[in-house]
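Peer 1: Sequence:
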Amino acid sequence: MNLLTLGHMGFMALGVVLGLAVGILPGLGGIVGLSLLLPFIYGMDTTSALAMLIGLVAVIPTSDTFASVLMGIPGSTASQATVLDGFPLSKKGQAARALSAAFSASLLGGLLGAVILTGFVIIARPLILSFSSPELFALTVFGLSIVGVLSGGNLTKGLATAALGLVFGMIGAAPATGEYRMEFGTLYLMDGLPLVIIALGLFAVPEIVDLLRGQSSVAGTSKLGKGWIDGLKDTWTYKWLAVRCSTLGAAIGAIPGLGGSVVDWIAYGHVVQTSKDRSQFGKGDIRGVIAPESANNAKEGGGLVPTLLFGIPGSGSMAVFLAGLILLGVQPGPAMAGRNLDLTYTIIWSLALANVLGTVLCIVAAPGIARLTVIRYALVAPFMIMVISFAAFQATRSLYDLIALLVVGLIGIYMKRFGWPRPAFLIGFVLATQAERYLYQAVQFSGWAFLNRPIVLAILALTLISVWLGARKKADGSSGGVATEGASDLAQASHIWPQLLFGGLMIAVFAFTLTESLGLTMLGGVFPTSVGIIGILTTLVAMVPLALGKLDSTANFDTEATAREKDIRGGAWTVIAWLVGFIGLVALVGYFAGLLVFFVLFLRFVAQASWIRTLILTAIAAVFMMTLANALNLVMPAGLLQEFFNLPWPFR
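Each step along the sequence shown adds one to the number in my numbering, with nothing skipped, and position 425 is 515.
It is worth saying that the hints were derived from the structure and are not from the lab. Among the hints, a few may not be true.
As a list, the in silico BS3-like pairs of lysine-lysine whose alpha-carbon atoms are at most 25 angstroms apart [to be verified]:
1. Lys373 <-> Lys323
2. Lys323 <-> Lys182
3. Lys656 <-> Lys182
4. Lys323 <-> Lys181
5. Lys373 <-> Lys656
6. Lys656 <-> Lys181
7. Lys329 <-> Lys373
8. Lys366 <-> Lys323
9. Lys182 <-> Lys329
10. Lys329 <-> Lys366
11. Lys373 <-> Lys182
12. Lys366 <-> Lys182
13. Lys656 <-> Lys366
All of these numbers come straight from a predicted model, not from anything done at the bench.
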């Protein structure tokens, strides 16, 4: 009765619309959306407020697919794996197909998540309580095993890249002792690097650079046809894959601490490992869209289990949702499976209905939105730079967020160029803190005997199977992994010194990590020491064929080996110079004023737009940014001149 009232459905629809708007903007995600809603739920009745919150929670994992598919930019941490095949499909002019397949898979995942949660909520307590630190550590190791699938034909490069991600994830305080590591004495790094900056730097910045160098639109054709119908057919064709990944997503979402940052990668690894034909993964295989999208929507249903029954949020968005429950006077705990079971099922099936509504809206809009990919990218790029820079400084609202974005972006550019798998880096970064924390807790509470626990042994066995499936060779001698950065046989360079230089820089980073660990206690230093040693060894092994001059090795990978058909003067360095100039403007005159100056200069000199078009687009950007900043009550990063003259908002 609560579920089907007109008021409940209306507030749920309002949450869905807001979720669509937030999800389309890369890097914001559920935490920002839910935070926006919290001030408005005061005084509302419980079911209406929950309807609005659930509507937003349900649709963001669906709507964040727009950025992942259309621009190659992860819409949120839960849509990172979608980029690998969704964006190549968009480049082929099949954006509508990719989007509709993603949305329909998300719908299936959301509905299955609700079905699973309906029965699971009664039996969840003993299962959830059986997972303690040893089992959670084993799960993080299982998450790292996906690196084998994402390493293409060179497993050692994948392992070295994952180790580099672990190093970046260890920046800041050690979980066990609170000792600071690799923070260079700066307050900014003491809390570590934010995940949104790593994700945007690794994927968004390199794609912006590449698309600007190509001097064209994202997609090569505007003939989208009835691609959204094809996407629905694809989901139906691979319905059992979607069912498997939805079940996987719901199960992982129910485990506190893992959240949405890794579930899409595990689903992606699953579809690669279980597929006979893997030739198109990373190049535009629709299965690489369906698997992660069905999993990341189902994980929202799973994430409600620990949130409702134990008051333990399974992810960042669930933490904000938990705060909303408390504001409404709802006390999470075992009573949600007892006397408050009606409220629990209202939440669960609101989630299902919101998935249906959000998916229908997205599928209807998909063909029109997909046409954005045929706009000349030089006109789109400043808006993308605006959005990702805005998303980046949401982390600490500091200029250092933008500097960190640029540094990670440079790393991402050269990892892509030299074939070091960026997804492996991202997985290592996401799991670094969790792996270290759970290992310490497991050893402190159980000693090394925790490795003998039945569930731990079962998960480690699955990990070994996962590594074997990713590393094994197929009958034709090719690798079982996915070449996430391109085909190595098309990028073999005759000059290998740039690759050796990049490998040397990686070794230097691992050596610095080892040096830093020497001054720490045993608990604070054992993890960085282990990662540093593994990183040095795997990087050396990966570089040996190049040092010996074996140019036909899979280690030889350089996308600059052959000249591009189209390229701007100065290549990647020209685009990087514009990004550096933008951050320099922000440092000097503040974010808002720097953004306006950047828009005018970029549109005139790079996009070569007329003055009228330049001023109109700049005005649109200014209104959009002021509206968003006002809605979030956000003070933008100020520059030296703002601080000196003490200028008011919006000029700071």
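Peer 1: Could you run down the list of hints and mark each one as holding or not?
Peer 2: Okay, the hints, checked on the actual structure:
As the CA atoms of Lys373 and Lys323 are separated by approximately 20 angstroms, the hinted pair is consistent with the 25 angstroms bound. At roughly 19 angstroms between alpha-carbon atoms, Lys323 and Lys182 fall within 25 angstroms of each other, so this suggested pair holds. Restraint check for Lys656 and Lys182: the C-alpha separation of about 18 angstroms stays at or below 25 angstroms, so the hint holds. Simply put, Lys323 and Lys181 have alpha-carbon atoms about 20 angstroms apart, close enough for the 25 angstroms limit, and the pair holds.
In summary, the hint linking Lys373 to Lys656 is supported, as the alpha carbons are separated by about 21 angstroms, within the 25 angstroms threshold. Restraint check: the Cα-Cα separation between Lys656 and Lys181 comes to about 16 angstroms, which is no more than 25 angstroms; the hinted pair holds. A distance of roughly 21 angstroms separates the Cα atoms of Lys329 and Lys373; the hinted pair therefore holds under the 25 angstroms criterion. Taking the CA atoms of Lys366 and Lys323, the gap is about 21 angstroms. The hint holds against a cut of 25 angstroms.
Of the supplied pair hints, the one linking Lys182 and Lys329 holds, its CA atoms being roughly 24 angstroms apart against a limit of 25 angstroms. Straight-line distance between C-alpha atoms of Lys329 and Lys366 comes to about 17 angstroms, which keeps the hinted pair within the 25 angstroms bound. Taking the CA atoms of Lys373 and Lys182, the gap is near 10 angstroms; set against the 25 angstroms cutoff, the hint holds. The hinted pair formed by Lys366 and Lys182 meets the criterion: a straight-line CA distance of about 23 angstroms does not exceed 25 angstroms.
Simply put, Lys656 and Lys366 have alpha-carbon atoms about 36 angstroms apart, too far for the 25 angstroms limit, and the pair is violated.
Hint compliance for this structure: hint 13 is the single one not met.
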